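*Asks:* Going down the list, the protein sequences come from chains A and B.
By the working numbering, the letter at position 39 of the first sequence is numbered 65, and the numbering carries on one by one without gaps.
By the working numbering, the letter at position 226 of the second sequence is numbered 235, and the numbering carries on one by one without gaps.
Be a bit skeptical, because a hint or two may be false.
Straight-line Cα separation of at most 27 Å, DSSO-like style, residue types lysine-lysine; simulated pairs [stated by the list, open to error]:
| no. | chain 1 | residue 1 | chain 2 | residue 2 |
| --- | --- | --- | --- | --- |
| 1 | B | 186 | B | 160 |
| 2 | B | 211 | B | 236 |
| 3 | B | 187 | B | 160 |
| 4 | A | 440 | B | 160 |
| 5 | B | 211 | B | 180 |
| 6 | A | 440 | B | 43 |
| 7 | B | 180 | B | 236 |
| 8 | A | 440 | B | 45 |
| 9 | B | 180 | A | 440 |
| 10 | B | 211 | B | 186 |
| 11 | B | 180 | B | 160 |
| 12 | B | 187 | B | 211 |
Some residues of chain B that are not near chain A, with every Cβ distance over 12 Å (derived) [stated by the list, open to error]:
| no. | residue |
| --- | --- |
| 13 | 48 |
| 14 | 59 |
| 15 | 170 |
| 16 | 173 |
Simulated from the structure, these hints should not be mistaken for lab results.
Only a predicted model underlies this, so the values are computations on that prediction, with no experimental measurement involved.
C-beta atoms are modelled at their ideal positions from N, C-alpha and C, and glycine is treated no differently.
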Amino acid sequence: MNSFVHDPEWGWWIILYFYLGGLAAGCYFIATLIELFGREEDRPLARIGYRVAFPLICVCAVFLIVDLYRPERFLHMVLQSEHLPGVMLKWWSPMSIGAQALGIFGLCSLLSLVGTFRPKGRLASILDSHVVGRVFKVVGSIAGFFVAAYTGALLSATNQPLWSSTDWISPLFLTSAASGGIALLLILGGRASAETRERLERADLWALGLELFVFLIFLASLGGVLPLALGTQDGLLLVGGTLVVGLVLPLALHLRIGSVETEIPTHRRQSLRVLAAALFTLAGGFMLRYGIVRVAPALLHAHSDVRPGDTETSLWQSVEGKVLLAGTILLAVLIPLILKRNWGLTLRQATLVGMVSVLFTAAVAAYVMRPAGAEPMLDPLSGLNISPEDGRERGGGAGASNINRPHQPLLRSKLNPADEP
Amino acid sequence: MPDPVGFFTDTTVCIGCKACQVACHQWNDLPAGKGKTTPLPVLSGQSYDNTTSFSDVNWRHVKFIEKFTPDRSTRAWLMMSDVCKHCVNAPCLEVCPTGAILRTEFDTVFINEPTCNGCRDCVSACPFGVIHMSEQRGVAQKCTLCYDRLKNEMAPACAQACPTSSIQFGKVADLRKKAQQRLTQLHGQGVREAHLYGADEKVLGGLNSFYLLVDTPETYGLPSNPKLPSRSVIRSSFWGICAAITTALGMLFAFRGRTRAKPAGEKTKDVAQTPGQAQRKEEKS
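Generate the whole structure from the sequences, applying the supplied hints.
*Replies:* Structural data, given as structure tokens:
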């Protein structure tokens, strides 16, 4: 852990953007997937998703602009301010490519939204046509996936504590966006048929299960930083809040663990159960974003005396590592059994789920047992040098600054006072 | 194209006089305080190190590293005048989404203020905690290596003011030779722990502002192995794509598979039963 860095002070605007942007992206890609894979009777759900995505992403854009120190210059991220109207794109910088992706996502979600209001209109008929419609939905779902995941890659592409220790924030945000998007559709899609709602609930079960295992791998990938993070309030909220409120509780509700007979009518009980699961998922998704964004400054504040070498220990040497591995093994055994019992999986299906659980457990074990100071997994991929700055020779040109270079940078100089702004 | 230039800071001859900090403030017209909320400098009250860190108005920071044994019988002060490293592979420049951070013709790293919009991505990327945001100007701030003076063939203000030549300015190739000579001299005098930090390519492809240290880099507040942000992008993207494919497959299974729920409108007592119970009941019948 590098504790010599300075906190970028990304606060509430960014946390809300990560959360609402994730929900918008989740709703949108779930809606496109429903249209691509679902049945005709599921399409009202997709329409709800489209109607949620665009307003949310507009709000997010406002948050992002307000968060800038110079909001009036927000366009500098999208267009080359020194060479208008050139497009500003550094594909090796997650923030740069994310700004462009937000534009594409906004356009896709706007078209989809307009299509829902005039289902018999010309735009809707084009979007529903076989070839153009399918291409549009595939592009839209990719844009949605990208917006959901790039924020995680952005945090990893820093030198901040915890964020830079793991490559798993991106998949974690993506799976959380999926579960959050489905939860929002479960709440808003109350009028959908029982079959549609069951399919959606089954999708939520899958998304939550995936998020649970990705979260466990994320924790394991933190290595020696995990025990330090758990020593801060934000770290506790991140781990405890996400795990209990955002994952275990909604999973238990979906799996109908501990359900008892009551006086409440069964259909009402079902609605309440699904509603509670969805609300817990949404609360957990918020705790995840809040915890991750706030834990880095909390670590800087609480462990300013920690030297980089101190955290290069194997997680296996700590109690937290052993508990994490034991918990993962327990879940890997329990989940297939509970699914078989409560969701009526056949033996073959349960075996398949079991194999997936074993695969994820092996990944957690590999991270927990990783020796101190080991290179990151998939380290050979780092050698692809996507950035012109990576491997640049001393004095050998502009490197990663060849885009949007002014002819004459502005100097603050006493030698030429005319240069002063 | 001029030769790359930089600083060689020999910490063994730094006396902590802060002449470099004062010269930097004077030349660059940096205010004492941090804007309207704190117009006057805030003293740490704990050390001769009164600024305690870099800031938007402190582009140089003279560190006083106090090494005391628990019983305080042995004590030593290490001093170091720290500054932006002008990395050969610069994390801040790499991530900057507006192109405000530039590589100059002298191979130094410079923030072009009219382009910066204050997103703070560079602050999060800098492994040395150099870049800070200015409340007054609304943009990222750091050492320019006196770009205006370089253009006029003058040495940076700090190096010119340093009374002990702890901060030496020049062509990086020449500075590396000088640093090597000084290192050999110190080793000859028995200072075996002396070593160079950032003179070779190991740290971010080399640092145009490099140091001679007599303790671990961490003791001086310098990370041993800082990383270039783009290195993690491919790995993060790979796992992200895997998660996206798995999520899409899940949706395919969920929305294509058979459901157990009764069609709408059909009245039955078993609506609330679990899919498992429904299946077992079907199997019995």
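*Asks:* So, for every hint listed, does it hold in this structure?
*Replies:* Verification of the supplied hints:
no., hint, verdict
1, B:186 <-> B:160, "24 Å, holds"
2, B:211 <-> B:236, "11 Å, holds"
3, B:187 <-> B:160, "24 Å, holds"
4, A:440 <-> B:160, "12 Å, holds"
5, B:211 <-> B:180, "19 Å, holds"
6, A:440 <-> B:43, "21 Å, holds"
7, B:180 <-> B:236, "25 Å, holds"
8, A:440 <-> B:45, "24 Å, holds"
9, B:180 <-> A:440, "24 Å, holds"
10, B:211 <-> B:186, "17 Å, holds"
11, B:180 <-> B:160, "14 Å, holds"
12, B:187 <-> B:211, "19 Å, holds"
13, 48, "19 Å, holds"
14, 59, "18 Å, holds"
15, 170, "15 Å, holds"
16, 173, "25 Å, holds"
In terms of the numbered hints stated before, the structure departs from none.
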